[in-house]
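Could you build the full structure based on these sequences and the hints that come with them?
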Amino acid sequence: MEKALLPNGSPDSRNPGARLVPAPENSLCFENANGLVESAQGLLRQRPAEVVVELGKVELIDSSGLRALLHIRRACEDAGVLFRLGSVSQCVDRIIAMSKLDSVFGVPRPHGDTRPAKPGPALDLQAPGWRIHEYCAVSDPSVISRLRERAMQAAIEAGAQGDMLCDIQVAVGEALTNAYKHGSPRKGTSQIQMRCMSCPAAIVVEVQDEGPVFDPNGASIPDPYKMRDHGMGIYLMREAMDLVEFESGCPGNRVRMVKWLRNGD
Amino acid sequence: MVARLFGLGSIRRKLVLAMVAAVVPALLVSVWHDLASDARTSAADQAQHRLTLCLSLAAAGLGLVVVFVAGNKLAHPIRRLAHAADAMAVGDYRKRVKVVTGDELQALAESFNALGRSLARHEAAARHQSEMLAGMAEAARMASSTLHLNECGRVIAKVMCSHLGARDATVFRSLAGEGEVKPIGRCGKRARSAWRLVARRAVESHEQLMISERGLAQPGAGPGDDAILVGVPLSSGDKTIGAIVARFEGVRRNDLQPGSVRGDLLHTFGVHAAAAISNAEAYSQSEEYSEVLGEWVDHLSAVMQVADAISPSLTLDETLEALAKATAAALSADLCCIFRPDREGYLVIRACSRPDERLVEKVRFRPGETETGRAFAERRTVLCRDLRKSKSALSRRLVEQIGMRAMISTPMVVGDRAIGAITVASAKPRQFMPRDIRLLTSISLHTAVIVRNADLYTREWSIAETLQSNLVSEAPEECCGLRFACRYVPAWEEARIGGDFYDVTPLPDGKVAVVIGDVSGKGLSAAIHLAACKYMMKPLMFAYPDDPAAVLTQLNRAMNYYFNGSFFVTVFYGAIDSETGVILYANAGHLPGILISDQGKLHSWLAGTGGPLGSGENWNYQTQQVSANPGDVLLLYTDGVTDMSVGDCVLGIEGLENIVFEAGQCPGSELLSHVCNRLASDSDSVQRDDIALLAASFEGVRESHPASLGGIGGKGSVAQRQS
Numbered sequence: 450m451e452k453a454l455l456p457n458g459s460p461d462s463r464n465p466g467a468r469l470v471p472a473p474e475n476s477l478c479f480e481n482a483n484g485l486v487e488s489a490q491g492l493l494r495q496r497p498a499e500v501v502v503e504l505g506k507v508e509l510i511d512s513s514g515l516r517a518l519l520h521i522r523r524a525c526e527d528a529g530v531l532f533r534l535g536s537v538s539q540c541v542d543r544i545i546a547m548s549k550l551d552s553v554f555g556v557p558r559p560h561g562d563t564r565p566a567k568p569g570p571a572l573d574l575q576a577p578g579w580r581i582h583e584y585c586a587v588s589d590p591s592v593i594s595r596l597r598e599r600a601m602q603a604a605i606e607a608g609a610q611g612d613m614l615c616d617i618q619v620a621v622g623e624a625l626t627n628a629y630k631h632g633s634p635r636k637g638t639s640q641i642q643m644r645c646m647s648c649p650a651a652i653v654v655e656v657q658d659e660g661p662v663f664d665p666n667g668a669s670i671p672d673p674y675k676m677r678d679h680g681m682g683i684y685l686m687r688e689a690m691d692l693v694e695f696e697s698g699c700p701g702n703r704v705r706m707v708k709w710l711r712n713g714d
Numbered sequence: 000m001v002a003r004l005f006g007l008g009s010i011r012r013k014l015v016l017a018m019v020a021a022v023v024p025a026l027l028v029s030v031w032h033d034l035a036s037d038a039r040t041s042a043a044d045q046a047q048h049r050l051t052l053c054l055s056l057a058a059a060g061l062g063l064v065v066v067f068v069a070g071n072k073l074a075h076p077i078r079r080l081a082h083a084a085d086a087m088a089v090g091d092y093r094k095r096v097k098v099v100t101g102d103e104l105q106a107l108a109e110s111f112n113a114l115g116r117s118l119a120r121h122e123a124a125a126r127h128q129s130e131m132l133a134g135m136a137e138a139a140r141m142a143s144s145t146l147h148l149n150e151c152g153r154v155i156a157k158v159m160c161s162h163l164g165a166r167d168a169t170v171f172r173s174l175a176g177e178g179e180v181k182p183i184g185r186c187g188k189r190a191r192s193a194w195r196l197v198a199r200r201a202v203e204s205h206e207q208l209m210i211s212e213r214g215l216a217q218p219g220a221g222p223g224d225d226a227i228l229v230g231v232p233l234s235s236g237d238k239t240i241g242a243i244v245a246r247f248e249g250v251r252r253n254d255l256q257p258g259s260v261r262g263d264l265l266h267t268f269g270v271h272a273a274a275a276i277s278n279a280e281a282y283s284q285s286e287e288y289s290e291v292l293g294e295w296v297d298h299l300s301a302v303m304q305v306a307d308a309i310s311p312s313l314t315l316d317e318t319l320e321a322l323a324k325a326t327a328a329a330l331s332a333d334l335c336c337i338f339r340p341d342r343e344g345y346l347v348i349r350a351c352s353r354p355d356e357r358l359v360e361k362v363r364f365r366p367g368e369t370e371t372g373r374a375f376a377e378r379r380t381v382l383c384r385d386l387r388k389s390k391s392a393l394s395r396r397l398v399e400q401i402g403m404r405a406m407i408s409t410p411m412v413v414g415d416r417a418i419g420a421i422t423v424a425s426a427k428p429r430q431f432m433p434r435d436i437r438l439l440t441s442i443s444l445h446t447a448v449i450v451r452n453a454d455l456y457t458r459e460w461s462i463a464e465t466l467q468s469n470l471v472s473e474a475p476e477e478c479c480g481l482r483f484a485c486r487y488v489p490a491w492e493e494a495r496i497g498g499d500f501y502d503v504t505p506l507p508d509g510k511v512a513v514v515i516g517d518v519s520g521k522g523l524s525a526a527i528h529l530a531a532c533k534y535m536m537k538p539l540m541f542a543y544p545d546d547p548a549a550v551l552t553q554l555n556r557a558m559n560y561y562f563n564g565s566f567f568v569t570v571f572y573g574a575i576d577s578e579t580g581v582i583l584y585a586n587a588g589h590l591p592g593i594l595i596s597d598q599g600k601l602h603s604w605l606a607g608t609g610g611p612l613g614s615g616e617n618w619n620y621q622t623q624q625v626s627a628n629p630g631d632v633l634l635l636y637t638d639g640v641t642d643m644s645v646g647d648c649v650l651g652i653e654g655l656e657n658i659v660f661e662a663g664q665c666p667g668s669e670l671l672s673h674v675c676n677r678l679a680s681d682s683d684s685v686q687r688d689d690i691a692l693l694a695a696s697f698e699g700v701r702e703s704h705p706a707s708l709g710g711i712g713g714k715g716s717v718a719q720r721q722s
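Sequences listed follow chains A and B, in order.
The opening residue of the first sequence carries number 450 in the working numbering; numbering runs sequentially from there.
The opening residue of the second sequence carries number 0 in the working numbering; numbering runs sequentially from there.
Treat each hint with caution, since some may be false.
[Unchecked claim] Keeping only pairs whose Cα atoms sit at most 25 Å apart, straight-line, the calculated SDA-like set for lysine to any residue is: (1) A:K630 with B:E656; (2) A:K630 with B:K157; (3) B:K600 with A:E598; (4) A:K630 with B:K238; (5) B:K427 with B:R363; (6) B:K157 with B:L54; (7) A:K636 with B:G663; (8) A:K630 with B:N657; (9) B:K600 with B:N657; (10) B:K600 with A:P700; (11) B:K600 with A:E474; (12) B:K521 with B:A542; (13) A:K636 with B:Q598; (14) B:K600 with A:P634; (15) B:K521 with B:A453.
Just so you know, these hints were derived from the structure itself, not from any lab.
If you want it as structure tokens, here you go:
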């Protein structure tokens with residue numbers, strides 16, 4: 450999973466002074482973001498002229514991944530080394546734009562619509578006809594990517610494609626990361642439950658944890674110059690999904706995220 | 000002082016002084032006259048004068064004597080009167096004074112004597128009255144302290160005679176609502192019928208009445224003795240509860256009239272007597288109640304003792320033995336046996352208070368033989384005070400062998416059929432009391448119900464058990480590349496067969512069908528419905544090997560059609576391809592199956608989209624798909640697991656999940672052992688229902704491709720597939 454694309458610190462063919470930081474395949478998320486920061490720091494010790502983070506094969510990035518990129522960028526600035534993102538996949542591009550970091554990383558704004566869709570019709574989750582997948586997992590970092598994959602399968606099954614899959618994946622990833630980080634008082638034994646429901650009109654993903662009550666309104670727009678430890682995840686969830694609801698004391702916390710399936714997509 | 004010197008009384012003294020006062024001046028005048036004439040007159044004259052003087056002196060002396068005698072005569076009766084008056088003053092009214100002077104003194108003395116007589120009479124009356132009062136108080140006390148009604152009546156009648164001067168007396172108590180009276184106690188002669196009349200009239204009028212016996216023209220009453228009958232009402236509060244009729248002889252009517260001393264006393268005594276009778280009645284009633292109550296309490300406590308001996312967790316044989324022991328104890332008997340007919344119709348001992356093999360062998364007889372046989376055959380209680388005198392030769396023989404002398408046997412009857420008999424026996428001759436008979440009848444009635452229910456239950460249970468054990472057969476350990484493990488844990492406390500089942504069936508195309516279900520209800524009907532469900536499902540599995548939803552939809556239709564909603568069943572049905580690890584499943588209202596993957600850290604819930612089968616609704620079940628990797632385990636279970644209570648809480652799916660997460664990644668058989676051990680080890684946990692568990696382990700399956708997981712996307716309902 451964390452197989453490097455290129456050997457660490459291999460020179461960029463276009464720019465001999467540049468060193469490529471190998472990003473993991475598939476995703477740059479909570480579980481492997483720290484590894485990227487560490488390899489970038491190792492590279493910086495070699496005093497390259499430029500550090501390039503290649504994200505062409507990264508299909509998904511989450512708030513932890515974004516924070517890792519911001520970390521590396523600041524480290525480069527401190528060391529007086531140029532920082533640049535290499536090729537960026539469509540989904541990562543979308544997420545960077547969504548998080549208002551496109552100017553920071555110098556990525557062109559993607560063509561697709563990053564704004565959330567308009568609110569759809571009221572949902573009746575009790576009505577028949579929902580296709581439901583339910584999961585129950587122990588709070589373990591390895592489980593988060595598994596659950597995210599299951600949510601993706603459910604979304605694909607329900608007919609989601611392209612940007613929509615990207616949005617759902619990042620939002621579910623954020624919800625699961627939050628459930629693990631903040632909603633599992635007993636790491637390794639607390640349970641995280643996920644429910645994916647789909648009907649022709651919408652995909653609904655619910656994540657429930659055993660955490661204490663929290664205030665989801667503390668989240669704010671991420672500021673690249675203020676490295677916040679949290680808050681960006683909820684912001685991303687709200688940006689990526691059409692409707693995000695938090696519920697506390699059920700017991701634990703439950704977040705319900707809705708994505709409307711638009712005709713023609 | 001002179002008068003005292005002469006011993007004169009005051010009257011005499013005054014008379015003498017008056018005499019002296021009258022004579023002395025006359026003497027002095029005559030003496031002065033003599034002295035004056037002496038100087039002027041002759042000697043003759045003087046001599047004449049001296050004679051006159053002497054005569055005067057003599058006359059004066061004579062006068063004094065006369066006055067003394069007369070005074071004495073006058074003073075004597077007065078002194079006697081004074082003595083008598085003194086005696087009267089200290090309460091002696093018997094003194095009389097006899098004065099025959101014919102003058103005022105005599106009149107005075109007579110008046111005095113009349114006064115004395117009158118006082119004496121009044122004193123006697125007062126004494127009599129106080130004596131009667133004291134007697135009556137004593138009588139009232141006696142009557143009040145007597146708590147038996149008839150005894151109380153007797154005391155009242157006796158007091159009437161002894162203290163109130165009646166010759167005969169009878170106390171009548173009025174009977175409720177009839178205006179009739181009955182005697183409750185008498186003294187002297189037996190009451191005549193007319194007395195009853197007097198009593199009734201006294202009761203009706205609430206007033207004391209008095210009738211001369213002659214007026215009643217009693218045949219027994221002679222012309223001479225005009226006795227008086229007095230009816231004294233017994234007034235208690237505002238009602239009259241009876242009357243005393245007393246017969247007085249030699250007493251004047253006036254002395255018995257209301258207003259006279261005795262009349263008023265009679266009235267007052269009536270009130271006291273009524274209170275005493277009321278008390279006695281209240282007491283005897285309460286005593287009666289307490290006696291009846293005590294008997295009931297005895298009876299109930301004995302029955303309860305017997306009932307307590309029966310614990311619901313015992314088997315029928317244990318229950319009957321406990322019953323026999325408790326019954327023997329309750330009747331203080333030496334032996335209690337419960338008889339039931341065997342297959343050949345002989346009555347044999349089914350349970351005995353004294354487990355004794357020899358006894359059970361020896362005692363065996365036909366209905367009608369011996370007392371027990373008669374009790375059974377004639378469906379009535381049979382007693383025998385001494386078995387040595389029994390009419391039955393078999394009984395007499397058994398006396399020697401068993402050593403029992405007296406017995407009582409009651410049949411156990413259900414409806415109009417005897418299903419056995421209970422015999423209680425005593426080693427010594429004994430007369431069983433009505434109380435014993437009542438108690439034994441109660442016990443035998445209850446025992447009959449217990450035995451009957453147990454018979455029915457045992458029959459049903461054995462059928463249901465046979466059915467279920469055939470229906471819930473062991474799953475094969477290995478089938479089509481999957482390893483299976485299963486557990487069936489009946490809820491013994493419930494003691495009725497539940498409707499849980501599981502099934503593993505190889506399908507023609509190399510897949511394997513896995514089913515777990517729970518039929519509503521318990522017992523025989525659940526087992527029959529289970530069979531119907533299971534065997535209707537089999538051909539459908541073969542008809543739709545790729546579509547579990549179609550199987551459940553068709554089964555639901557069939558069950559709605561045939562059983563018309565009389566029961567329902569929740570089913571999880573999965574068709575597993577062990578080659579690819581793909582599980583196609585549909586769930587009809589059953590708890591979600593749990594697919595344990597990722598080193599036991601991730602559980603996928605295979606839940607359903609429709610309700611139970613046979614509930615009358617045409618559900619649209621959907622076939623869903625998940626993929627399993629090697630090492631994954633599919634765990635199926637029934638609600639007996641999640642409904643288990645742990646302490647105050649119900650285990651629930653979350654509780655089960657916790658237990659399964661604890662087990663981590665392990666083969667199905669180990670997982671089931673872990674779950675069952677955990678459920679059994681918790682001392683707080685109570686199993687309310689049967690538990691069925693089935694685990695399928697994916698061991699030899701190929702690693703599935705993640706891409707294949709989403710391959711079924713967009714697959715719709717069964718209806719869409721069929722169209």
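Hints versus structure:
no.	hint	in the structure
1	A:K630 with B:E656	holds, 21 Å
2	A:K630 with B:K157	violated, 105 Å
3	B:K600 with A:E598	holds, 15 Å
4	A:K630 with B:K238	violated, 93 Å
5	B:K427 with B:R363	holds, 22 Å
6	B:K157 with B:L54	violated, 86 Å
7	A:K636 with B:G663	holds, 15 Å
8	A:K630 with B:N657	holds, 20 Å
9	B:K600 with B:N657	holds, 11 Å
10	B:K600 with A:P700	holds, 21 Å
11	B:K600 with A:E474	holds, 23 Å
12	B:K521 with B:A542	violated, 30 Å
13	A:K636 with B:Q598	holds, 16 Å
14	B:K600 with A:P634	holds, 17 Å
15	B:K521 with B:A453	holds, 17 Å
Of the numbered hints listed earlier, those contradicted by the structure are 2, 4, 6 and 12.
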